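Enquirer: Build out the structure end to end from the sequences listed, making use of the hints.
Sequence lines, in order, name chains A and B. Under this note's numbering, think of the first position of the first sequence as 1, with each following residue one higher. Under this note's numbering, think of the first position of the second sequence as 1, with each following residue one higher.
Honestly, the hints are just simulated from the structure, not real lab data. All of these numbers come straight from a predicted model, not from anything done at the bench.
Capping the alpha-carbon separation at 25 Å, the derived lysine to any residue pairs in SDA-like fashion look like this:
id : chain 1 : residue 1 : chain 2 : residue 2
1  : B       : Lys108    : A       : Thr31
2  : B       : Lys108    : A       : Ile25
3  : B       : Lys146    : A       : Val46
4  : A       : Lys7      : B       : Leu16
Which chain B residues face chain A? A few, computed with CB under 10 Å, are given here:
id : residue
5  : Phe4
6  : Ala8
7  : Ala10
8  : Ser29
9  : Thr74
10 : Thr77
11 : Lys78
Note that CB positions come from ideal geometry on N, CA and C, so glycine has one too.
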Amino acid sequence: MDCEGQKLAEQLMQIMLLSFAVIAIGAGYITASFQTMILTYAGGVVLTTLVTLPNWPFFNHHPLKWLDPSEAEKHPKPQPSVNVTAKKKFTSI
Amino acid sequence: MHSFGYRANALLTFSLTILAFMCAIASLSDSLNSPSPSAQVQVLNINWFQKQPNGNDEVSMTLNISADLQSLFTWNTKQVFVYLAAEYDTPKNSLNQISLWDGIIPSKEHAKFLIHTSNKYRFIDQGTNLRGKEFNLTLHWHVMPKTGKMLADKIVMPGYRLPVEYR
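Expert: See below:
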């Protein structure tokens, strides 16, 4: 998942859970059945899990643009020899 | 939201917190209910009235207990526990409460009833104070919810009197 996708997944999860909770309370109160409320909410949790947990493609519409390998060669990593000399200086003290 | 496990944990905690809030709301909705219960008890017969060998009075009676407790039930009620207590005072105790009968009402349909019974539990005094005693019969109930706080209330029915002599 990319950054935008993560934000979308989190928002979607919170909104879906809250709305299912409200629907469940309403359904339970109207039918005067506590069981209706619990079952509606449980169904809502399962649906939210299926939508937000797996790594669906629509969460990856803004993928990070990694640097091209040919670009990376033009900016080489610093050489390790510089660090070795610094270490030597340390040990002499 | 960086990994599957992170999202799973967030979803689980949030859904359980919301469930707790839903149960609190369900419990609070009970205060919207204003119950109007009614009850009546008739003492049909005093079966016997003796002084026991250990020195305490005991009486056995047959009762007709009728009540309508249907308005106590809400969507958040699991059951109602109801009991009938005889209440009187003596020189030794300012209040004696003796449970004569109890029952569990599992649903609204069973909440309107007429019970013809002798006292389920023995009516024994601490002493010999019952001759000619005036007592109240009080119907107590406990409404047990599916989630939330249990509430208890009662109806006091005064004006009952025991016989003056043993029989």
